[in-house]
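Go by the hints and put chains G and X with the ligand onto chain Y.
Here is how the chains run, residue by residue.
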Amino acid sequence: MNQNRGDREAILGRVREALREEAPLKHPAERSAGGEPTTAHFREWLPPVGASIDERFALFAKLSESLRTELHLCADMAEVSAFIKKLAEEGNWKTIALHTGELISPLILELPPQLSPLLLQSGYDKDELEACDAGLTECDLLVAQTGSVCVTSKSAGGRVLSVLPPHHIVVARKSQLVTDLTEAYASLATKYRDAYPSMISFITGPSRTGDIERILVLGAHGPKRLTVLLLPS
Amino acid sequence: MSTIADLPRQQFQSDANRTANDAPRRAAVRRALSNYQTARDRTGATFTDWKSARASAATIKHEAVNHLDRYLEEFEQKFTARGGKVFWATDSKQARDYILNLAKEKGVRSIVKSKAMTGEEIHLNEALIKEGYAVVESDLGEYIQQLKGEPPYHFVFPCMHLRRDEISDLFHRELGTAKTDSPEELTMIARNVLRRAYVDADMGISGGNFIVADTGMISITENEGNARLTVGLPKIHVALIGIEKVVPCLADLALFLPMLATAGTGQHLTGYNSMYGGPRQPGEIDGPEEFHVVFLDNHRTRLLADPEQRDALHCIRCGACLNVCPIFKNIGGHTYGTTYQGPIGSVITPHFRGLEDWKHLSGASSLCGACTETCPVGIDIHHHLLHNRRNAAAQKPAAGEQLLWKAFSFLMKRPALYRLATKFAPLGGLLHPLVEGTAMDPVASWTATREFPAAPQGSFRERFRAHKAAKAELVKKGGVQ
Amino acid sequence: MRVTLFVPCFIDSLYPNVGMSMVHILERLGHSVDFPEEQTCCGQPPFNSGYWEEARSVAVKQIEVFKNAEVVISGSGSCGAMFKVFYPELFHGHSAEAEAKALSAKTWEFSEFLVNKLGVTDLGARFEGRATFHDGCHGLRELGTKQAPRELLSHVKGLELVEMSEAETCCGFGGTFAVKYPQISTAMAEVKCNSICETKADYVISNDSSCLMQIGGWLNRNVGSVKCLHLAEVLASR
Ligand code: SF4
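Protein sequences appear in the order of chains Y, G and X. The working numbering numbers the first residue of the first sequence as 1 and each following residue consecutively. The working numbering numbers the first residue of the second sequence as 234 and each following residue consecutively. The working numbering numbers the first residue of the third sequence as 715 and each following residue consecutively.
Bound-form chain Y, shown alone (with noise of 0.2 Å):
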């Protein structure tokens, strides 16, 4: 079973075959500025974003505004600890799920005493986590141009942290903050080079749904609220 993979020299003999007349290109990319026809260069096509990291910041957290993302910025460590401890009472939270790392560490012995912390290290019991009433992760970047949070499997406690539980916290700084998605995969890859997580993921607002009759509705399934702490570069 192991060593079964099935039709594979067929269907490449069939791709083969199949490919030995060309097919036209009906619709060749426009050459940029540069002059170059090269795919890379969609990037000046995509909706722009502004180069300071100010326009940056204006940008997402417009989008975060729509996409009912609640940014938040803290000037330090203490304003995020008091603004979960905030969140916790508000929700009446009795557990949070969160993994260990320099942003979240200093955090766990700030948590209220009536919030009972379940840390992500090595492996969890399933139903535990399903329980928890919150996910506390970190996060390799976030994105300008989409809004979006940028989570790997080694930087946010795994696959399933940042969208089980039904109150997903994200705690960056705002130096995290890239321009479009060509950045965040660029910097993905001079970070990880070879040996990327598992996954990655980019988080775009609260889970949603707009099954029923295309209206939205939040939290179909992973969270229904999703919090970024914006802490200073």
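Simulated from the structure, these hints should not be mistaken for laboratory data. Backbone N, C-alpha and C fix where the C-beta goes; we use that ideal spot for every residue, glycine too. Please note that the accuracy of each hint is not assured.
[Stated by the list, open to error] These stretches of chain X come out as covered by chain G in the derived footprint (C-beta under 8 Å, 3 or more residues): (1) 751 to 765; (2) 898 to 909; (3) 932 to 945.
[Said to hold, decoys possible] Subject to a maximum C-alpha distance of 20 Å in a straight line, what follows is the list of computed SDA-like cross-link-like pairs (lysine to any residue): (4) Y:K26 - G:H616; (5) G:K701 - X:M715; (6) Y:K224 - Y:A88; (7) G:K337 - G:E522; (8) X:K894 - G:D248; (9) G:K284 - Y:L103; (10) X:K941 - G:P686; (11) Y:K85 - Y:L103; (12) G:K646 - X:S771; (13) Y:K26 - G:L536.
[Unchecked claim] Short, incomplete list of chain G residues facing chain Y, as computed with Cβ under 7 Å: (14) N268; (15) Q270; (16) T281; (17) L301; (18) A322; (19) A484; (20) G510; (21) G511; (22) E517; (23) D519; (24) R543.
This is chains G and X with the ligand only, laid out in the frame that chain Y set:
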């Protein structure tokens, strides 16, 4: 003529007749799509240059599809190096059998699925359920359709044709929940049922929007987070993907993800865009122990072998062509009788399932071209409908129709005869005897619902002749220069 | 300029006024208008039905008829698109390919010709009434005609032009489609006509008579009050 061969066409005709007259359903579909149009226009307008972005997308897909062998191998090599397994399935049965055997071998009991049209294509659920597995669709729309026992109505919006009261009744009947007219409450009902399914499942089955060659990843686009959970919690992940879904580089997704979102739903980016490059890696705390990618050919290579229509394999299944299609809006998704509905379905189904049986879909189009205009990867959709019509006529001309067109061209090649004939009868009347009383009788077909224009006094050519003569007369009299 | 008219079969026999309006407009602008009587049909019906061989045999005659024309003007976006877009494809790899391409290059849709070739937008026309404009799909999407007719109509005195929400939605004609799938075709006409009626217009104007046959056919059966006019008919009135 065999009855079997006529079945899809007959089903289409009779369903189309019924649905085109179902005013409330047509109104519901239009209502559901009206927000889409606004959102899509708004988001599209934020692009610096949508048309150029689209040309770039077409160019990248052209590169990928025209070097499919190379990119599939590159994916396989990268993916297996990280512990993934690739199975190449020629047809539905091979794909189903592989997944069934895997489930059996691993002692799987329950399976959670995220949206995969390839699953519909190979009738995977039926096969798994028949073997005794519990299979739950986790996408809300798919879940509703599964409960209803109906295939998806639209390959991106599976239950867009249903009103909230119908969904409420369905939940009430199947799940015993209280009736409600709130989409929010209905969504929460499904949420509660489905969260158990993820936790309990031993196998998660997904589709895949892109196969990324250079990093050996598959990319899944979704809004709900159900695919993230399907692929995150169970110990085995199977992704069933058509071989055409390739992009050469991970960085290409920086173009395709926004375009898919904009064209598909009018979002800047879909809620979750996730790339998976293998099962759980060393040092990771969760994720499946095994990750199997099943490459599905199932006649895609047949379409690949047609250079004229090869670009139909560029499709990223955004669904935009359905959303703008006036035929789709008026007859609905089920009428097509296909896995892939709408314009692109009408183009590719004849390649996948036989031209003779499915050519009627290419005929059932006014060729308005709204699909081609909207397609984010620039597929020549409506021209391919013409190509299918041509190929069908060449393969097996319909006797009566061929005779009609032969007569038509006989007449139109002979201007004198044409003039003489049109003098005595309006054009429609001329060829009418050929088809009178048949299903092709255009007069009966037209006048059943529409008036015919009143016959004018004299044809244009007669009036033009008179006009010229009068002018010449004037010139003779010196009235005009 | 010597302008050669291509008046497709159904305009010839059903809408002669449209052709005559084009003649008057072009002559008023000082051009000589020519109408070769040997022309019949562009071959679109068999072409669209998949019978390309039959279509070619008709098309080849038209290519011959218009061989010496300087410019060819069509009053139907659809037939114009047949010459301009589909002839090159129909004759791809055939002996008449070069001629087909030449005809394609000199063919113009009527409103495009006036605005973009002749540079005329004000024809001194006067027409009292409230009207909405229907974009024929072939004109709109095969030929890219959108602004030219609106530009021309904006200069018609007395005319109030209101856009309908479904201006670019197909009316459901589609040639043989209209009679092969009458239920679908009629449902499409209904959507189109409801949108027309929403504007409270007295007239619906288009640059394609085939669409007007469909729209008029439905309106006359179901509404009665809205009248259909070809763009040329409006532009010729004073
Ligand atoms: S054919 Fe184009 S518009 Fe239609 S689903 Fe595919 S990519 Fe989208």
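*In ascending order, which of the hints set out earlier in this document are inconsistent with the structure?*
9 and 15
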